[in-house]
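Colleague: Following the hints, put chain B in place on chain A, whose structure we already have.
Chains as they are written, first to last, in the numbering used here: chain A, 1 to 354; chain B, 1 to 106.
Worth flagging that the hints you see were computed from the coordinates, not collected in a lab. The structure displayed is predicted, hence computed values, not measured ones. Every residue gets a Cβ at the ideal spot worked out from N, C-alpha and C, and that includes glycine. All the given hints hold, so there is nothing to weed out.
Listed next, the stretches of chain A that the computed footprint assigns to chain B, with coverage defined by at least 3 CB atoms under 8 angstroms from CB atoms of chain B:
| no. | segment |
| --- | --- |
| 1 | 305-311 |
| 2 | 322-331 |
One side of the interface only, derived from the structure: several residues of chain B facing chain A at Cβ under 8 angstroms:
| no. | residue |
| --- | --- |
| 3 | Gln-35 |
| 4 | Gln-44 |
| 5 | Val-45 |
| 6 | Ile-46 |
| 7 | Phe-47 |
| 8 | Ser-50 |
| 9 | Glu-90 |
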Amino acid sequence: MTRKKPLDRATNEQAAEAWEAFHGADEASAAEHREFGDWMVRSPEHIEAYLRVARTMQSLRSPDIRWPDASADELIREAKAYTDKAVTTLREGALAQDRERRPHIARVPMAFAFAAMLLMTIGAAWLVWMTPERFETSFGEQRFVRLEDGSGVTLNTDSSIEVRFERGHRIIRLVRGEALFDVAHDSSRPFDVFAGNTILRAVGTRFDVDMRADRTMVTVVEGIVSLTHGADEALPRGNTPLLQASDRVVIDGSGPGAPQHGVRLDEATAWTRQQLVFNSRPLGEVAEEFNRYNRERIVITHPALRSEQITGVFKANDPESFLTFVSGIPGARVRDDGNGGHVVTLEDTAEVKP
Amino acid sequence: VSGADTQYGEHAEAQADARTLDLQIAAQPLDRALQEFSRQSGMQVIFFSSLTDGIRSPGVAGRYTVAEALKELLAGSGLTFRLINPTTVEIRKANTTQDAHVEGGE
Numbered sequence: 001m002t003r004k005k006p007l008d009r010a011t012n013e014q015a016a017e018a019w020e021a022f023h024g025a026d027e028a029s030a031a032e033h034r035e036f037g038d039w040m041v042r043s044p045e046h047i048e049a050y051l052r053v054a055r056t057m058q059s060l061r062s063p064d065i066r067w068p069d070a071s072a073d074e075l076i077r078e079a080k081a082y083t084d085k086a087v088t089t090l091r092e093g094a095l096a097q098d099r100e101r102r103p104h105i106a107r108v109p110m111a112f113a114f115a116a117m118l119l120m121t122i123g124a125a126w127l128v129w130m131t132p133e134r135f136e137t138s139f140g141e142q143r144f145v146r147l148e149d150g151s152g153v154t155l156n157t158d159s160s161i162e163v164r165f166e167r168g169h170r171i172i173r174l175v176r177g178e179a180l181f182d183v184a185h186d187s188s189r190p191f192d193v194f195a196g197n198t199i200l201r202a203v204g205t206r207f208d209v210d211m212r213a214d215r216t217m218v219t220v221v222e223g224i225v226s227l228t229h230g231a232d233e234a235l236p237r238g239n240t241p242l243l244q245a246s247d248r249v250v251i252d253g254s255g256p257g258a259p260q261h262g263v264r265l266d267e268a269t270a271w272t273r274q275q276l277v278f279n280s281r282p283l284g285e286v287a288e289e290f291n292r293y294n295r296e297r298i299v300i301t302h303p304a305l306r307s308e309q310i311t312g313v314f315k316a317n318d319p320e321s322f323l324t325f326v327s328g329i330p331g332a333r334v335r336d337d338g339n340g341g342h343v344v345t346l347e348d349t350a351e352v353k354p
Numbered sequence: 001v002s003g004a005d006t007q008y009g010e011h012a013e014a015q016a017d018a019r020t021l022d023l024q025i026a027a028q029p030l031d032r033a034l035q036e037f038s039r040q041s042g043m044q045v046i047f048f049s050s051l052t053d054g055i056r057s058p059g060v061a062g063r064y065t066v067a068e069a070l071k072e073l074l075a076g077s078g079l080t081f082r083l084i085n086p087t088t089v090e091i092r093k094a095n096t097t098q099d100a101h102v103e104g105g106e
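This is chain A alone, in the form it adopts within the complex (with noise of 0.2 angstroms):
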């Protein structure tokens, strides 16, 4: 698992705050070992943005562990391998400690099951992501998957999610494209999808996550979806925003906008029906929905005619039914691209006038 982008600054924020949680002046208490571990386990980023940290401040060093400037996956391998025999130093130590019973826990040994502690669940929170299950769709495809907690999610065209269970945790993550998640209630195991760097958390709803190259968008069909961004990567807590039933956010570089109601449920999820439902969609952006499922492109260049505002159904596999409708625009040529696609350009002279 190589990542070659940059870890965004709120991850490395948040990575330098645990290290010094750790390294401070006081012993960290369980609960910020259990929140820490919690943070770890969430996401790929968030180890590599620790071990850099950790790394940076020349930290950890013991006779027994180097820590080089090595890849990430090299000092896993050295952390497992020294986990396996700190373990009950960590157990003794670290974990199960009242600090104030023992006020006066040598530094040392402290330190020392801290850092076994650490690359444990350094360890195991890599294996975590290293060995999720994953499922994909090709262009074109549908696919319905149930999981084994029962929740249903339904994957769109060349899309991709990763699934990864843990006793108190369901963990899925939208590597591409778009899902319909139709989640099984279980309290106990919160349902979180992370999408970017945005997770959803549900107990038991039924949401849309559209993944765009320029954007996120999520529509909740049913129940109730907590979302959390970027700085805020704490598990969602109370204040997040609260989705509901016909809540969509759309999230972009800036982040989340404003949670716009009343959104037609019917557009959001028609896709699993192989249908595509437009209220007031600009041209442009109906042919391109039309891309995602069919090879034969449509492509229309022309400004004006792109940003026509469009109603309508169709099916999704029915391009040539849009482009009959496009052709018979006053002014549009349409002509083939070469490829099999066609582009459709609008006569200098014309106007468009429905």
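Modeller: Same frame as chain A, but now just chain B:
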């Protein structure tokens, strides 16, 4: 149309012939009524959104051919329809634009 579309088999016959459809579409904004028509008939529908701005449809209830149903749904709107192929309806302005303005006037 030769190729029956199995995916939409239950609506495959709902093409623009003399066959009748059982439709129950409430009075509502025209754009929604047309989408509901699509859902119940299996016909594809498309139009420029601005055409239906502020226009309500009286709806339909009962058995209709596609053409009859669309006429009812578009009653008083100044709009008409054409079949761009046997499974797709385009909603457009009525050609006689003068008449369209008079229609519905008090």
